Amino acid sequence: MHKEIPQVAMKILIADDDQTTRRILLAILEKKGFEVLCCADGSEALRALQAADAPKLAILDWMMPGLDGVDICRTLRASAGDSQPYLILLTCKGYQEDVVSGLASGADDYIVKPFSADELLARIKVGQRVLGLQSALAARVEELTESNQHLAEAQAMAQLGQQQLLQAEKMAALGFLLAGIAHEINNPNGLILLNFPVLMEAYRDAEPILEKHYRDQGDFSFGGLPFSKMREEIPEMYEELLGCSRRIKRIVDDLKNFARRDDAGLDETLDLNDLVQTSLRLVGTMLRESTHNFNIRYGDSLPKFKGNGQRIEQVVVNLLLNACQALEDTSQGISVQTSFDEQSGMLELLVRDEGIGIRPEHVSHLTSPFFTTKREQGGTGLGLSLSERIVTGHGGSLSFTSDYGNGTTVRLALPALQER
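Position 8 (the sequence shown) corresponds to 280 in this note's numbering; numbering is contiguous.
Where hints are given, some of them may not hold.
[Stated by the list, open to error] Computed Cβ-Cβ distance ranges for the label pairs, DEER-style:
hint, residue 1, residue 2, range
1, Glu391, Ser315, 26 to 34 Å
2, Asp289, Glu391, 17 to 25 Å
3, Val402, Ser315, 21 to 29 Å
4, Ser355, Glu600, 51 to 59 Å
5, Asp572, Glu540, 20 to 28 Å
6, Lys303, Cys364, 23 to 31 Å
7, Thr541, Ser500, 48 to 56 Å
For the record, the hints were derived by calculation from the structure and aren't laboratory data. None of the values given here were measured: they were computed from a predicted structure. The beta-carbon is built from N, C-alpha and C at its ideal position, and this holds for glycine as well.
Sequences and hints are given; from them, build the entire structure.
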């Protein structure tokens, strides 16, 4: 007696144009609990094996009208499907070259007529074992693929964390550096601010004497230039120099605030217009060098918002620098606008540039870590990613619209404080 095969709900296809052979196969297989699908020709069998619910094992007669068993094997093996059936050829040809030809066509096994039930069931059991191993292998491959994906994601997150740590260290180092630079600049500048008014007061005390000498003796040299000219220019020079000194102090203060190591929360009450003005002072030189067509429009009486001023300034500076870098020549413009949308309760900052724009396939990736279109210029792909994280941490959003070849608009939205 042959070894018993466990009854399974496996579907097996039989394809043979001989009705007697089909009946014999059907009787043997149904007795063992298999679900059997019978086909009388090769074309019908091929359609069944290409269906979504195709049997996983098929017994194909070699010689059939139209498509024979070998044709079916070749057709199925030529397809790119991941789940291939186990194919057994049923043949009267027992010569070695015939067996080799049948296996070369894609058959997994063969049975020579006349066959015994024991041999048939034994070969089917081999097919079941192979299919089971294939299924286990596919499951393992899927598991490994998923594990590799998780590993790749973990590596990407680790790399992002490392880059962010380096960025934080750079900002901390910049803060210490600027603190020292600010001290070196502010000390002499403080003396200038302190002594300028004293010098101007001394000139005003001496001015009546100089004027009397001018009236009595005529024009004379004063500081290498005619007094008649200097008497008009000295007050203007004083105001210009004093203004420049105050501007130096303001820029240094802005840089210190921008780069300081800020561990504060999001509890500052902030004015969007003030933050934009500070950011514009920080990138003023870059703007002047990048465009001759810069426009700024501030919204009137904007409500305040809660947050971290230094971090929002960092975002605005980044958006302005990106706009500058997008321009191809100084005739292209940049416009900045602040406003408040009462319906949504959101403060808005729009930064528009007339630069090259962004390719449609890149827009959705702009805030992805490490994505950059400026790799050759040293871009890290972290600027907009960090900016989005800062903005979303404030309950806001950062969005982009671009017409490739015609510029880009960035919309920064932040929730305004509700009036009580």
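Status of each hint after checking the structure:
no.: 1; hint: Glu391 with Ser315: 26 to 34 Å; in the structure: holds (28 Å)
no.: 2; hint: Asp289 with Glu391: 17 to 25 Å; in the structure: holds (22 Å)
no.: 3; hint: Val402 with Ser315: 21 to 29 Å; in the structure: holds (27 Å)
no.: 4; hint: Ser355 with Glu600: 51 to 59 Å; in the structure: holds (53 Å)
no.: 5; hint: Asp572 with Glu540: 20 to 28 Å; in the structure: holds (22 Å)
no.: 6; hint: Lys303 with Cys364: 23 to 31 Å; in the structure: holds (24 Å)
no.: 7; hint: Thr541 with Ser500: 48 to 56 Å; in the structure: holds (54 Å)
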